[in-house]
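Full structure from sequences and hints, please.
Below, each chain spelled out in residue letters.
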Amino acid sequence: MSYETTLSHDEHHAEHPTGLKRWVFTTNHKEIGTLYLIFSLIAFMLGGAMAMVIRAELFIPGLQLVNPEFFNQMTTMHALVMIFGAVMPAFVGLANWMVPLMIGAPDMALPRMNNWSFWILPFAFFLLLMTLFLPSGGPASGWTLYPPLSLQGGTNIAFVIFAIHLMGISSIMGAINIIVTILNMRAPGMTLLRMPLFVWTWLITGFLLIAVMPVLAGAVTMLLTDRFFGTSFFNAAGGGDPVMYQHIFWFFGHPEVYIMILPAFGIISEILPTFSRKPLFGYTSMVYATASIAFLSFIVWAHHMFTVGMPLGGNLFFMYATMVIAVPTGVKVFNWISTMWRGSMSFETPMLFALGFIVLFTIGGFSGLMLAIVPADFQYHDTYFVVAHFHYVLVTGSVFAIMAGVYYWLPKWTGYMYNEKLGKIHFWWSAISVNVLFFPQHYLGLAGMPRRIPDYAVQFAEFNMISSIGGFAFGLAQLLFIYIIWQAARGGERATDQVWDGARGLEWTVPSPAPLHTFDTPPKVDDSVTVHSDTLA
Amino acid sequence: MKRTNELIVALAVMAVIIVVTWGIYAVGDNMPGGVTPFSKDVYQLHNVILAVVTVIGVLVFTAMFTSIIVHRKSKGQEPAKFTHSTAAEITWTAIPVLILVIMAIPATGVLIDMEETGGADINIKVTGYQWLWQYEYLEDEIGFYSTLDRDSNAARQINSGVDVHTVENYLLEVDKRLIVPTDTKIRFLLTSGDVIHSWWVPELGWKRDAIPGMVNEAWTLIEEEGIYRGQCAELCGKDHGFMPIVVEAVSPSEYRQWVADRKAEQAAEAGDEPSEVQQITAADEPAHNADQG
Amino acid sequence: MAEHYYVPHTAKWPIVGSIGLFVMMLGAGSWLNQAAIGPWFTLAGSVIVLVMIFGWFAQVIGESEQGLYNRAVDGSFRQGMIWFIFSEVMFFAAFFGALFYARMFAVPWLGGEGAGAMTNELLFPEFDAAWPTAGPAQLGGDFQIIPAFELPLLNTLILLTSGLTITLAHWALKKAKRGALVGWMAATVALGSIFLYFQASEYVHAYQDLGLTLGSGIYGSTFFMLTGFHGLHVTLGTIMLIVITLRCMAGHFSKKNHFGFEAVAWYWHFVDVVWLGLFVFVYVI
Numbered sequence: 001m002s003y004e005t006t007l008s009h010d011e012h013h014a015e016h017p018t019g020l021k022r023w024v025f026t027t028n029h030k031e032i033g034t035l036y037l038i039f040s041l042i043a044f045m046l047g048g049a050m051a052m053v054i055r056a057e058l059f060i061p062g063l064q065l066v067n068p069e070f071f072n073q074m075t076t077m078h079a080l081v082m083i084f085g086a087v088m089p090a091f092v093g094l095a096n097w098m099v100p101l102m103i104g105a106p107d108m109a110l111p112r113m114n115n116w117s118f119w120i121l122p123f124a125f126f127l128l129l130m131t132l133f134l135p136s137g138g139p140a141s142g143w144t145l146y147p148p149l150s151l152q153g154g155t156n157i158a159f160v161i162f163a164i165h166l167m168g169i170s171s172i173m174g175a176i177n178i179i180v181t182i183l184n185m186r187a188p189g190m191t192l193l194r195m196p197l198f199v200w201t202w203l204i205t206g207f208l209l210i211a212v213m214p215v216l217a218g219a220v221t222m223l224l225t226d227r228f229f230g231t232s233f234f235n236a237a238g239g240g241d242p243v244m245y246q247h248i249f250w251f252f253g254h255p256e257v258y259i260m261i262l263p264a265f266g267i268i269s270e271i272l273p274t275f276s277r278k279p280l281f282g283y284t285s286m287v288y289a290t291a292s293i294a295f296l297s298f299i300v301w302a303h304h305m306f307t308v309g310m311p312l313g314g315n316l317f318f319m320y321a322t323m324v325i326a327v328p329t330g331v332k333v334f335n336w337i338s339t340m341w342r343g344s345m346s347f348e349t350p351m352l353f354a355l356g357f358i359v360l361f362t363i364g365g366f367s368g369l370m371l372a373i374v375p376a377d378f379q380y381h382d383t384y385f386v387v388a389h390f391h392y393v394l395v396t397g398s399v400f401a402i403m404a405g406v407y408y409w410l411p412k413w414t415g416y417m418y419n420e421k422l423g424k425i426h427f428w429w430s431a432i433s434v435n436v437l438f439f440p441q442h443y444l445g446l447a448g449m450p451r452r453i454p455d456y457a458v459q460f461a462e463f464n465m466i467s468s469i470g471g472f473a474f475g476l477a478q479l480l481f482i483y484i485i486w487q488a489a490r491g492g493e494r495a496t497d498q499v500w501d502g503a504r505g506l507e508w509t510v511p512s513p514a515p516l517h518t519f520d521t522p523p524k525v526d527d528s529v530t531v532h533s534d535t536l537a
Numbered sequence: 001m002k003r004t005n006e007l008i009v010a011l012a013v014m015a016v017i018i019v020v021t022w023g024i025y026a027v028g029d030n031m032p033g034g035v036t037p038f039s040k041d042v043y044q045l046h047n048v049i050l051a052v053v054t055v056i057g058v059l060v061f062t063a064m065f066t067s068i069i070v071h072r073k074s075k076g077q078e079p080a081k082f083t084h085s086t087a088a089e090i091t092w093t094a095i096p097v098l099i100l101v102i103m104a105i106p107a108t109g110v111l112i113d114m115e116e117t118g119g120a121d122i123n124i125k126v127t128g129y130q131w132l133w134q135y136e137y138l139e140d141e142i143g144f145y146s147t148l149d150r151d152s153n154a155a156r157q158i159n160s161g162v163d164v165h166t167v168e169n170y171l172l173e174v175d176k177r178l179i180v181p182t183d184t185k186i187r188f189l190l191t192s193g194d195v196i197h198s199w200w201v202p203e204l205g206w207k208r209d210a211i212p213g214m215v216n217e218a219w220t221l222i223e224e225e226g227i228y229r230g231q232c233a234e235l236c237g238k239d240h241g242f243m244p245i246v247v248e249a250v251s252p253s254e255y256r257q258w259v260a261d262r263k264a265e266q267a268a269e270a271g272d273e274p275s276e277v278q279q280i281t282a283a284d285e286p287a288h289n290a291d292q293g
Numbered sequence: 001m002a003e004h005y006y007v008p009h010t011a012k013w014p015i016v017g018s019i020g021l022f023v024m025m026l027g028a029g030s031w032l033n034q035a036a037i038g039p040w041f042t043l044a045g046s047v048i049v050l051v052m053i054f055g056w057f058a059q060v061i062g063e064s065e066q067g068l069y070n071r072a073v074d075g076s077f078r079q080g081m082i083w084f085i086f087s088e089v090m091f092f093a094a095f096f097g098a099l100f101y102a103r104m105f106a107v108p109w110l111g112g113e114g115a116g117a118m119t120n121e122l123l124f125p126e127f128d129a130a131w132p133t134a135g136p137a138q139l140g141g142d143f144q145i146i147p148a149f150e151l152p153l154l155n156t157l158i159l160l161t162s163g164l165t166i167t168l169a170h171w172a173l174k175k176a177k178r179g180a181l182v183g184w185m186a187a188t189v190a191l192g193s194i195f196l197y198f199q200a201s202e203y204v205h206a207y208q209d210l211g212l213t214l215g216s217g218i219y220g221s222t223f224f225m226l227t228g229f230h231g232l233h234v235t236l237g238t239i240m241l242i243v244i245t246l247r248c249m250a251g252h253f254s255k256k257n258h259f260g261f262e263a264v265a266w267y268w269h270f271v272d273v274v275w276l277g278l279f280v281f282v283y284v285i
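Protein chains in written order, with my numbering: chain A, 1 to 537; chain B, 1 to 293; chain C, 1 to 285.
Simulated from the structure, these hints should not be mistaken for laboratory data. Everything numeric in this text was worked out from a predicted model, so none of it was measured.
No farther apart than 27 Å at their CA atoms in a straight line, the calculated lysine-lysine pairs in the DSS-like style are these:
#, chain 1, residue 1, chain 2, residue 2
1, A, 424, B, 75
2, A, 21, C, 12
3, B, 73, A, 421
4, B, 125, B, 40
5, A, 524, B, 81
6, A, 421, B, 75
Partial selection, computed: residues in chain A whose CB lies under 7 Å from chain C:
#, residue
7, 24
8, 116
9, 120
10, 215
11, 228
12, 230
13, 244
Beta carbons are placed, not taken as given, at the ideal position from N, Cα and C, and that holds for glycine.
Written as structure tokens, this is what we have:
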């Protein structure tokens with residue numbers, strides 16, 4: 001098996017093991033990408049099911065379905081599964097599929113490690129989810145695992161911490177692989193400033209991942225030793241401080257937020273030019289804005305913990321630094337709108353999701369700016385206002401961008417067009433229900449409803465019921481999403497190589513479906529094949 | 001021709017967005033203005049920042065939807081070729097910076113004011129436990145525990161069969177309220193006996209975490225007599241949703257009377273058994289009387 | 001050298017590694033919860049992981065010696081190693097961060113400085129901020145610390161010297177002086193082992209004579225976690241050095257092509273630099 005001879009793609013395929021072995025032993029970036037995406041979809045459904053339990057219990061006041069312990073396990077698990085199981089693997093899957101295609105590389109730089117990055121995940125999640133069936137139940141202290149509460153848990157905490165270690169190992173290896181691929185495997189002529197923005201955002205995301213996942217590992221290791229080996233990191237009686245955990249955790253946690261949104265920015269920056277039939281506006285400033293956001297993400301962590309009683313200087317610093325993030329984020333939104341401006345737009349499903357992203361993510365950004373104002377945060381903190389805020393940026397932000405990306409690239413993956421009519425129904429159904437789900441939560445928070453409570457005072461009843469109805473509808477809409485993907489994988493209208501008439505970039509020069517091996521011989525790249533170059537006009 | 005087209009559409013779009021936004025504000029709840037000088041400051045800050053983001057939002061979305069309506073392929077629109085404009089990019093970097101600076105100034109002022117905890121007339125130590133609050137008036141040496149009231153506690157059990165709408169102040173009533181005087185600077189000293197809690201009464205304008213082994217400070221000066229309700233705001237275990245806070249602000253003279261009564265009551269209790277306050281002194285001794293209902 | 005970027009078609013070791021890690025973690029979690037099966041699972045998992053590491057590296061070394069890797073593959077390995085070391089740096093950063101936070105904020109506040117005035121007055125009136133400390137409750141009892149300018153200083157010199165010897169070995173390799181190469185490598189391994197021996201005896205001394213344990217409040221926590229994780233990394237580094245030494249003896253590596261050697265040398269220097277941080281912030285200051 002060597003690359004010296006140019007084999008046809010079918011012959012390549014024949015050498016491949018088949019059945020389960022094919023997926024377990026694969027080193028191919030497209031197959032591993034597919035694995036990641038399927039894994040992510042399963043986790044998305046599982047995390048969604050947990051959200052349904054939460055919304056069902058909150059449908060009316062009083063406790064009807066689950067007891068408070070289980071409710072807390074559901075909120076904790078919902079977050080862990082969605083963050084580490086759904087959103088992050090989805091982006092890694094998209095990177096696996098698209099980054100080599102976009103930069104003209106034959107595969108990922110370290111193909112065996114690529115396989116390992118993925119195959120740690122199912123085991124890690126088995127370890128995590130298994131805790132739900134232990135006598136003491138799963139973790140119930142929120143996904144942030146704040147001590148001392150998290151240390152009160154029974155048998156689960158050790159398994160949860162080890163599961164997080166495994167996820168961390170997987171993420172770090174995945175990130176190293178993507179960064180090295182981008183820096184080392186670009187085709188001749190694919191200079192850094194010719195790279196598609198999705199590649200750029202992933203380069204920066206990869207850096208963030210390598211920088212902060214080990215810090216999370218450190219934080220949970222300290223939890224482990226405090227719980228089992230008598231250390232006093234988070235125990236004031238021994239000279240430690242419970243708040244110290246929060247500092248270390250959020251030093252990871254805030255960059256983590258951007259890990260989940262920067263690749264989304266990248267996807268949107270790919271889709272808008274295609275369906276506006278006009279080059280991306282301000283490519284270079286987009287790159288700089290992304291880098292600035294990444295830098296700022298390291299110095300704003302304590303805005304998650306304004307109420308812990310930091311000294312005045314600390315609160316002021318973190319308030320100012322947080323407010324500054326609005327500037328590069330604003331630049332991105334303005335650039336996207338300028339990309340659309342005087343374009344020739346059409347509104348296929350990926351474009352609809354991208355536009356939905358811009359509107360709804362911006363709303364999430366606005367509430368984020370409000371949360372940055374410390375005195376106001378003293379009211380908003382730990383209420384449903386915060387829940388509404390981060391679901392706007394994570395669901396209508398990251399998840400909408402992932403869906404946009406899936407619709408955008410699905411024809412390239414499967415070779416078939418998805419059902420456009422169903423895709424549009426999926427978008428409108430999701431976009432409306434998600435607002436019914438999350439918008440009323442702003443009101444609930446402002447009216448004084450704390451987050452993470454299984455039952456509430458009766459004045460919160462109406463908006464909770466509305467929110468739950470939105471939640472069920474949004475959940476149902478995602479079953480349609482699965483059906484659409486399944487349908488497009490099985491057949492339908494043949495996709496052309498370019499797929500979208502406005503699409504430019506290397507990934508649209510290979511056949512649809514993309515053969516298992518592409519760019520065995522690197523393509524020559526100049527401005528004519530790049531979408532974004534400022535020199536294009 | 002095209003310019004006027006864009007302008008007309010833009011105005012129409014803006015009108016629609018403003019109506020929709022107004023509707024969104026009209027149907028929902030807003031933050032309470034509160035009853036202390038800085039709860040009103042916070043409310044004002046909130047309204048100002050909300051107004052700022054709303055105006056920005058209206059402008060941004062107007063531009064976006066105008067483009068969506070006018071610049072369509074189906075209308076035969078030819079794509080323009082421009083890819084950047086340094087002037088525009090500098091403008092939309094500089095203007096937000098300016099807006100942020102203008103926002104930061106009042107926010108800083110209010111924050112400095114809120115941290116000014118010195119010179120209080122009354123010091124109240126608040127200790128969170130799973131899942132109740134302990135209040136100690138440091139000057140008068142009185143204290144008590146405050147826990148979810150009986151009716152709410154009975155109704156909140158799973159499948160209790162009680163219609164929670166019939167329970168007055170469901171989940172927002174306690175057995176013993178925190179009694180405080182109006183027009184008096186009160187300093188709260190917050191800590192915890194087990195895990196992290198957060199003491200929050202929206203009408204007072206802030207919440208502050210109660211952290212085991214650490215004491216946080218905050219203050220208030222209540223201007224109106226009344227009953228103000230809040231809840232624990234930091235996840236603290238299974239009954240996190242069931243440890244409300246009720247503050248009753250009374251006139252200073254009524255307050256002095258209450259203190260005198262309470263002292264007498266406590267002295268009587270002390271004759272029989274050690275007072276409640278002395279029962280729990282060590283931070284590592286958790287209280288379990290909350291979930292016995 | 002191969003013309004195309006080498007992409008193996010299948011990889012059998014990663015799934016072995018995943019299963020090994022899973023069994024190991026499942027065992028460790030059960031062990032911590034006093035399940036009798038725990039230690040055995042941990043052991044089995046560790047064995048599987050070790051087999052995986054040796055199998056995987058043997059395969060890669062074999063491919064490398066066959067000349068399947070071109071310059072681009074070599075570049076990927078190099079960059080991958082650099083980013084791996086960066087992730088390790090960040091892992092230590094978390095623990096250094098905890099040390100700095102405790103010393104600059106937590107302990108002074110408990111002692112009543114700055115924002116901690118009321119904390120001290122209401123909760124810990126007896127406590128005066130000082131370093132080292134086992135906290136207001138003096139958890140773990142009285143203890144003494146290990147003086148910086150005795151064994152730790154010697155250890156510093158040993159590690160610094162080992163950084164020198166590995167560089168001399170690298171020069172020898174580049175000049176194709178196989179004998180000197182093996183000699184300097186053996187010296188490096190020896191220095192690493194001596195360091196580990198001293199570290200271990202220091203721990204025994206701390207536990208038996210000084211009363212300093214992992215449970216000695218925040219000082220014991222930061223001291224043992226920082227030096228302990230560093231010690232683990234030195235152990236790993238020493239094993240890697242031994243493997244490289246054996247490969248040198250087996251005639252592996254050429255003047256120009258010896259990434260495996262360099263990767264281990266980088267790792268060793270990283271361990272060295274972390275020690276300097278430890279020496280200054282844990283022992284001296």
